[in-house]
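Trainee: One-letter residues, chain by chain:
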Amino acid sequence: MANTAGGEWALAPVKKAGRGTGSRFVEGTLAGIARTIQDAVFYEELAQRPGLLQNLDPRVRLVGLLALILAVSLAQHIPTLIVFYLVALALALLSRIPAGFFVKRVWLFMPFFTGVVALPVIFNFVTPGRPVVRLLDLGSPWSFAFLSLPREIALTEQGLKTALTLILRVGDSVSLAVLLVTTSRWAHLLKALRVFRVPQVFVLILAMTYRYVFVLLQITSAMLLARKSRTMGHLRGADHRRGLGASGGTLLAKSYHLSDEIYSAMLSRGFAGEARVMDDFRVSGRDWLWLLAVACLSGFIIVLERL
Amino acid sequence: MIDSDNAGARNVFELRDVEYSYEKTLALTNVALDIRQGEKVAILGANGTGKSTLLKLLDALCFPTKGTITAFGQPLTEHLLREQAYAHAFRRRVGLVFQDPDVQLFSPTVWDELAFGPLQLGLPRAEILERIHGVMALMGIEKLKDRPPYRLSGGEKKKVALASVLVVEPDVLLLDEPTASLDPRSQTAFIDMLLEMNERGTTLVAATHDLDILEDIADRACVIGDDHSIAAIASPGNILSDRQFLLATNLIHEHPHRHVDRRHVHPHWHRPHHDHEH
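In the order they appear, the protein sequences are chains A and B. Each residue of the first sequence is one higher than the last, beginning at -13 in our numbering. Each residue of the second sequence is one higher than the last, beginning at 2 in our numbering.
Hints are not guaranteed to be accurate.
Straight-line Cα separation of at most 20 Å, SDA-like style, residue types lysine to any residue; simulated pairs [what the hints assert, rightly or not]:
#: 1; chain 1: B; residue 1: Lys144; chain 2: A; residue 2: Pro36
#: 2; chain 1: B; residue 1: Lys25; chain 2: B; residue 2: His89
#: 3; chain 1: A; residue 1: Lys240; chain 2: A; residue 2: Phe200
#: 4; chain 1: B; residue 1: Lys144; chain 2: A; residue 2: Lys240
#: 5; chain 1: B; residue 1: Lys146; chain 2: A; residue 2: Val263
#: 6; chain 1: B; residue 1: Lys144; chain 2: A; residue 2: Ile205
#: 7; chain 1: B; residue 1: Lys144; chain 2: A; residue 2: Arg171
#: 8; chain 1: B; residue 1: Lys146; chain 2: A; residue 2: Gln34
#: 9; chain 1: B; residue 1: Lys158; chain 2: A; residue 2: Val27
#: 10; chain 1: B; residue 1: Lys158; chain 2: A; residue 2: Ile23
#: 11; chain 1: B; residue 1: Lys158; chain 2: A; residue 2: Phe267
#: 12; chain 1: B; residue 1: Lys146; chain 2: A; residue 2: Tyr249
#: 13; chain 1: A; residue 1: Lys240; chain 2: B; residue 2: Phe64
#: 14; chain 1: B; residue 1: Lys158; chain 2: A; residue 2: Tyr249
#: 15; chain 1: B; residue 1: Lys158; chain 2: A; residue 2: Ala26
#: 16; chain 1: A; residue 1: Lys240; chain 2: A; residue 2: Arg213
#: 17; chain 1: A; residue 1: Lys147; chain 2: A; residue 2: Gly115
#: 18; chain 1: B; residue 1: Lys158; chain 2: A; residue 2: Thr195
#: 19; chain 1: A; residue 1: Lys90; chain 2: A; residue 2: Tyr71
#: 20; chain 1: B; residue 1: Lys158; chain 2: A; residue 2: Arg268
#: 21; chain 1: B; residue 1: Lys146; chain 2: A; residue 2: Phe95
#: 22; chain 1: B; residue 1: Lys146; chain 2: A; residue 2: Arg268
#: 23; chain 1: A; residue 1: Lys240; chain 2: A; residue 2: Phe267
Derived from the structure by calculation, the hints contain no laboratory data.
Build out the structure end to end from the sequences listed, making use of the hints.
Mentor: Here it is, written out as structure tokens:
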């Protein structure tokens, strides 16, 4: 900087800066924060649509969907699980949840995770049964320690059915849980937990945690942007780690200060250690009808498949 | 400068030789101040002089390390605040609007936020609903009723934070930087609302370093100096006309200006729109 007064250093040609790992990390984190807030706003918007489930009392909606999840976990046959999925899909459509979003949200990644868990079940050395696909002939049975393999490795009909049942059961349950989350406003969902006698203080802590995640996300986003705006060129790994450590420490200190201030704000408005909340929920005829439909459907299917 | 107008209405707060320290850091010292019922008092001071701490002491969120505070004729002590009946009565009469609305908006929705105070104070359900409805209409925030705080703008957050205190209908309203983060139009509307409440009998105590709003929001101004003690208590007119005093207490500053062909020095304070004649 030969002549700072004239500002000539600012007009000098800039050397081409490389893209360091730091830049990618900051950009990735900023994008992640933006996505989280965007998702929350989208879910909030879905929960306010005038659909079938959204119009129900939140407590009744919670009880009904949990009852359906329970019924799914008791179901044993593949056709039953398919019927439950169709019910979930119909409920999503009647609740104005976009079908593409609803299907993708569940089936895009879930089968891979559940598939990994279910994979061993399809082989004849875990689930004996009628072989469907023969994979390998070992010549003779093979055993080592607790592991013993038959002469021929194959996929069995019983194994494939078991794996499919597991995947469908998880898919149905997750679909119903997604329905609950997308048609319920977070605030209402928490209040509805009181039906199950969840302690008030637990509900309050959950609500405040969710609330302040957004404040901390905003603080993090501002810190990272400020850092990005002052970072030029490539940062060495050690410098990058040092910077991140400092940001983490600052965030921790800020959140500590924030929690202190929030507690003061609660005390100031009369909080004395016991949270009191109020809801204006009202159970109507429509809610009773929903509960009756859920009870009949679940009961009928579960009883029918056991006959 | 000495407070010339010491007579009049009943005192809601009396502070005598009050000192407060955050562990080893002195925040306030030697504070003697009376706040009378129905008046408007501004607490002025540069950043870090102890304005917010003074408001927290008045709201019984912290207690003096030395000296005494009397509220509504009774000594304000930690011991007394532990009695639920007294704590409820005190919290009903005194409300604090924090500087950062995010601190105050901790509930999942605006409606829950407004219900929080009255619920903690044990008001009947019907009265709570009526008050929420009333304060939402007063502040024009009905459409925000179901919004979570992260979907509110800065001005909306400030309004909701004020509403969450007003719903308790306090006799004394403590405000920490009331116009911070408000655009000029919201700022004017906000001050009008405060003045209307004062007309109805609410005592206002506002901590600020915004000299532009001083004459609007205060009958008296209490200036805290860099030494964390009271430098003056006087009318806003007297305070604003004493340039040397404002410079000494760091409420204004001087810096040189270049005007085409000449440079000169004159005092400044920071304001949204900044005009002056030469």
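Trainee: Could you run down the list of hints and mark each one as holding or not?
Mentor: Hint check results:
Of the supplied pair hints, the one linking Lys144(B) and Pro36(A) holds, its CA atoms being roughly 17 Å apart against a limit of 20 Å. Distance restraint check for Lys25(B) and His89(B): the Cα-Cα separation of roughly 32 Å exceeds the 20 Å cut-off, and the hinted pair is therefore not satisfied. About 14 Å separates the Cα atoms of Lys240(A) and Phe200(A), which keeps this hinted pair within 20 Å; it holds. As the CA atoms of Lys144(B) and Lys240(A) are separated by approximately 32 Å, the hinted pair breaks the 20 Å bound.
A C-alpha spacing of about 16 Å is found between Lys146(B) and Val263(A), which places the hinted pair at or below 20 Å, so the restraint holds. Distance hint between Lys144(B) and Ile205(A) is unfulfilled; the C-alpha atoms sit about 27 Å from each other, more than 20 Å. Using a Cα cut-off of 20 Å, the hinted pair Lys144(B) and Arg171(A) holds, with the two alpha carbons roughly 17 Å apart. The straight-line distance between the Cα atoms of Lys146(B) and Gln34(A) is roughly 13 Å, inside the 20 Å bound, and the hint therefore holds.
At roughly 17 Å between alpha-carbon atoms, Lys158(B) and Val27(A) fall within 20 Å of each other, so this suggested pair holds. With a C-alpha separation of about 18 Å, the suggested pairing of Lys158(B) with Ile23(A) holds against the 20 Å cut-off. About 26 Å separates the Cα atoms of Lys158(B) and Phe267(A), which puts this hinted pair outside 20 Å; it is violated. For the suggested pair Lys146(B) and Tyr249(A), the alpha carbons sit about 23 Å apart, so the restraint of at most 20 Å is broken.
Taking the CA atoms of Lys240(A) and Phe64(B), the gap is near 24 Å; set against the 20 Å cutoff, the hint is violated. Note on Lys158(B) and Tyr249(A): the hinted pairing holds, with a Cα-Cα distance of about 18 Å set against a maximum of 20 Å. A threshold of 20 Å between alpha carbons decides the hint, and for Lys158(B) with Ala26(A) the separation of about 19 Å falls inside it, so the pair holds. The hinted pair formed by Lys240(A) and Arg213(A) meets the criterion: a straight-line CA distance of about 17 Å does not exceed 20 Å.
At roughly 11 Å between alpha-carbon atoms, Lys147(A) and Gly115(A) fall within 20 Å of each other, so this suggested pair holds. Of the pairs offered as hints, the one joining Lys158(B) and Thr195(A) holds, with about 19 Å between alpha carbons and a cut-off of 20 Å not exceeded. Between Lys90(A) and Tyr71(A), the direct Cα distance comes to roughly 14 Å. Compliance with the 20 Å bound is thereby established for this hinted pair. For the given pair, Lys158(B) sits about 29 Å from Arg268(A) by alpha-carbon distance, which is inconsistent with the 20 Å threshold.
Proposed proximity of Lys146(B) and Phe95(A) is contradicted: the alpha carbons are some 37 Å apart, above 20 Å. The suggested pairing of Lys146(B) with Arg268(A) holds, with an alpha-carbon distance near 18 Å, which does not exceed 20 Å. Straight-line distance between C-alpha atoms of Lys240(A) and Phe267(A) comes to about 37 Å, which puts the hinted pair past the 20 Å bound.
Of the numbered hints listed earlier, those contradicted by the structure are 2, 4, 6, 11, 12, 13, 20, 21 and 23.
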